[in-house]
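In the order they appear, the protein sequences are chains A and B.
Residue numbering for the first sequence follows the numbering used here, beginning at 1 and increasing consecutively.
Residue numbering for the second sequence follows the numbering used here, beginning at 1 and increasing consecutively.
Derived from the structure by calculation, the hints contain no laboratory data.
Each hint should be verified, as a subset may be incorrect.
To be verified - FRET-style restraints, in silico, Cβ to Cβ:
| hint | chain 1 | residue 1 | chain 2 | residue 2 | range |
| --- | --- | --- | --- | --- | --- |
| 1 | B | Phe199 | A | Gly216 | 42 to 48 Å |
| 2 | B | Phe199 | A | Asp347 | 51 to 57 Å |
| 3 | B | Phe199 | A | Glu217 | 40 to 46 Å |
| 4 | A | Gln307 | B | Phe199 | 35 to 41 Å |
| 5 | A | Glu109 | B | Phe207 | 23 to 29 Å |
| 6 | A | Val316 | B | Phe199 | 43 to 49 Å |
| 7 | B | Val37 | A | Ile70 | 31 to 37 Å |
| 8 | B | Val106 | A | Ile70 | 29 to 35 Å |
We treat Cβ as the ideally placed atom computed from N, Cα and C, and that holds for glycine.
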Amino acid sequence: MTAVALSHLSKRFGNHLAVRDLNLEIESGEMVAFLGPSGCGKTTTLRMITGLIQPTSGDVLFDGESVVGIPTERRGAVMVFQKHLLFPTMNVAQNVGFGLKMAGVDKAETARRVTEMLELVELPDLESRKAHELSGGQQQRVALARALVVRPQVLLLDEPLANLDANLRITMRQLIRSIQHEMGITAIFVTHDQEEAVMLADRVALMFDGVVQQVGEPDTFYRRPSTTRVAQFFRNSNFLHGVRSGNVVSTPVGDIEVDPVQVADGSGDVILSVRPEEVKPVLAGSDAANTVPATVESVIYMGTHTQVVAKIGNSVWNVQTAAAFNPREGEEVLFELPKEHVWIVKDDSNSQPDAVKAS
Amino acid sequence: MTVDTKEPAGPAAESQEYVDVTERPTVTAKWVRRLAVASIAVAVGLPMLSLVVWSFAFRWNFPNLLPSEWGTQAWAYVADDSSRVVEGLWNSTKVAVLVTLLAIIVGLPASRALGQHEFKGKSAVEWVLMMPIIVPALVATMGIHQIFIRLRLTETLFGVALVHLIPAIPYFVLVMASVFANYGTALEETARTLGANKFRVFRYVTFPAISSGLLVASMFTFLISWGQYVTTLLIGGGTFVTLPLVLFPFLSGANHATAAAISLVFVAPAIIVLVFTSRQLGRESSVMGGFGRI
Numbered sequence: 001m002t003a004v005a006l007s008h009l010s011k012r013f014g015n016h017l018a019v020r021d022l023n024l025e026i027e028s029g030e031m032v033a034f035l036g037p038s039g040c041g042k043t044t045t046l047r048m049i050t051g052l053i054q055p056t057s058g059d060v061l062f063d064g065e066s067v068v069g070i071p072t073e074r075r076g077a078v079m080v081f082q083k084h085l086l087f088p089t090m091n092v093a094q095n096v097g098f099g100l101k102m103a104g105v106d107k108a109e110t111a112r113r114v115t116e117m118l119e120l121v122e123l124p125d126l127e128s129r130k131a132h133e134l135s136g137g138q139q140q141r142v143a144l145a146r147a148l149v150v151r152p153q154v155l156l157l158d159e160p161l162a163n164l165d166a167n168l169r170i171t172m173r174q175l176i177r178s179i180q181h182e183m184g185i186t187a188i189f190v191t192h193d194q195e196e197a198v199m200l201a202d203r204v205a206l207m208f209d210g211v212v213q214q215v216g217e218p219d220t221f222y223r224r225p226s227t228t229r230v231a232q233f234f235r236n237s238n239f240l241h242g243v244r245s246g247n248v249v250s251t252p253v254g255d256i257e258v259d260p261v262q263v264a265d266g267s268g269d270v271i272l273s274v275r276p277e278e279v280k281p282v283l284a285g286s287d288a289a290n291t292v293p294a295t296v297e298s299v300i301y302m303g304t305h306t307q308v309v310a311k312i313g314n315s316v317w318n319v320q321t322a323a324a325f326n327p328r329e330g331e332e333v334l335f336e337l338p339k340e341h342v343w344i345v346k347d348d349s350n351s352q353p354d355a356v357k358a359s
Numbered sequence: 001m002t003v004d005t006k007e008p009a010g011p012a013a014e015s016q017e018y019v020d021v022t023e024r025p026t027v028t029a030k031w032v033r034r035l036a037v038a039s040i041a042v043a044v045g046l047p048m049l050s051l052v053v054w055s056f057a058f059r060w061n062f063p064n065l066l067p068s069e070w071g072t073q074a075w076a077y078v079a080d081d082s083s084r085v086v087e088g089l090w091n092s093t094k095v096a097v098l099v100t101l102l103a104i105i106v107g108l109p110a111s112r113a114l115g116q117h118e119f120k121g122k123s124a125v126e127w128v129l130m131m132p133i134i135v136p137a138l139v140a141t142m143g144i145h146q147i148f149i150r151l152r153l154t155e156t157l158f159g160v161a162l163v164h165l166i167p168a169i170p171y172f173v174l175v176m177a178s179v180f181a182n183y184g185t186a187l188e189e190t191a192r193t194l195g196a197n198k199f200r201v202f203r204y205v206t207f208p209a210i211s212s213g214l215l216v217a218s219m220f221t222f223l224i225s226w227g228q229y230v231t232t233l234l235i236g237g238g239t240f241v242t243l244p245l246v247l248f249p250f251l252s253g254a255n256h257a258t259a260a261a262i263s264l265v266f267v268a269p270a271i272i273v274l275v276f277t278s279r280q281l282g283r284e285s286s287v288m289g290g291f292g293r294i
């Protein structure tokens, strides 16, 4: 139950700035996801929290105290990696009890806590098995138990579910979430899978090129992406350029009204965005507001819904409609962009390369 | 990973699932295996058998299938001090053990660096390490000889061990580097975060994991030192006698019985070491994944 703070944290490898001026406060008992594509600096950040690598500048604080000078083994920040999970020469009980042995806990107490923890991860009676006799999911659970049994200050998970298949991932996700809640442990995990981040974390920190782009509760990434890249990472590439004056944005395909309470910022040249699932097809002659004409380019029936790719002005939009909606290719249709779902994003599509090789 | 795809949700069901690692081989596979073992045994064993016969031969002339007269005179000579076989055996053992220890001290950190880290000039280091395999150790020994004379290392156990290290190190490092590469750093890092300091990480995590590979590498090193002739001759100066030095004159000579007897003494440790290590490895072959990558 430790609050973690990262303050102006940076890490440089040679000429490459892997993490740049990262600031984040993680509350005690909170579960935070570092989300981003590979090479964005998320794992580097995790390793700086453990002390396995030292920050180039900045500070890591546990409960307000800097831990940068404290070696890994005395920090209490326990890491679970995605591969090479278990010590191969030890059995399950020895693996789980490893941290307790290092801490000098006596044998009876160790045995008790190991048993208790194996029950918590729903793996009783496997104490004497070796790592290679367990399935991938079981190894994952043992690794989790081994980390939790020492009651860590912070639990760090590096792509914890990456090596598991889809069904198992869902089970493990629920297990991790429930144990983390039950024990009230502060946990940080890294992932490149936005779905995983959204389903598991209390808050998500999205990173590109060593820089945190946006921090917030999962739904803000869907409803309020800060930039075009953030929106795209969450599978929304519906953008429409326009000029805003007051609450109206005039675009090449007509005026779009925005909600001034939601969209307070942004004037002049702006980019509008509406999530694929919020765009609604309407009949011609309908009295709905904020409608735009669109030309259907492709229609894919997905069972529960229909995926329509359509051109609105010069932009290509993805629209997720009811399964019953079935226009022909090339057909002119009308889409409603509901006022409450129209959001303005910043354009950062040109800002990608400079961050990679900042010197 | 077929197990994962049908992993049941309930804990009760899951605990039943057990990956059976000891798959039963088919009857054909069993026979192929036996045939392979048998042919290897014949290929290795038959020449050995002829050595044994030779070593007890007193008179064995051409078309006879077996010696016409038997005797133990060759073995008596081997046991006699004047033959220097016992002295050579003892010296060979001392040198080979010392070379193995030195290889571990020098080679373990080097192979770890090569197997797990990227650094500037890594390929240059790898090239230098491979040089003794490409260039005969004799070439280096000629130059080293001069320096060893000045350092008073010639005709000494330590000097001979040092020069044996040249051909031995590449093999040791090759094996260990791939063991380290295969083993990775994640387990050690996990252990660090779980409260183990660097020393305890090595003792409880690294060493148990690499020990089988270390055994193989040490065996290689021991046997390379065991078989050295020219390097020993040059640095030992004929005063420091190892088993190959005792054996070689007999191989070109006409006394086949004595040559056979000394040869048997010469190969015996190799076979003992081989049997011993293969037994050790048989117990825990999973750790030897890296060995297959060479």
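Exercise. Determine which of the earlier numbered hints do not hold for this structure and return their numbers in increasing order.
Key: Those not satisfied are hints 4, 6, 7.
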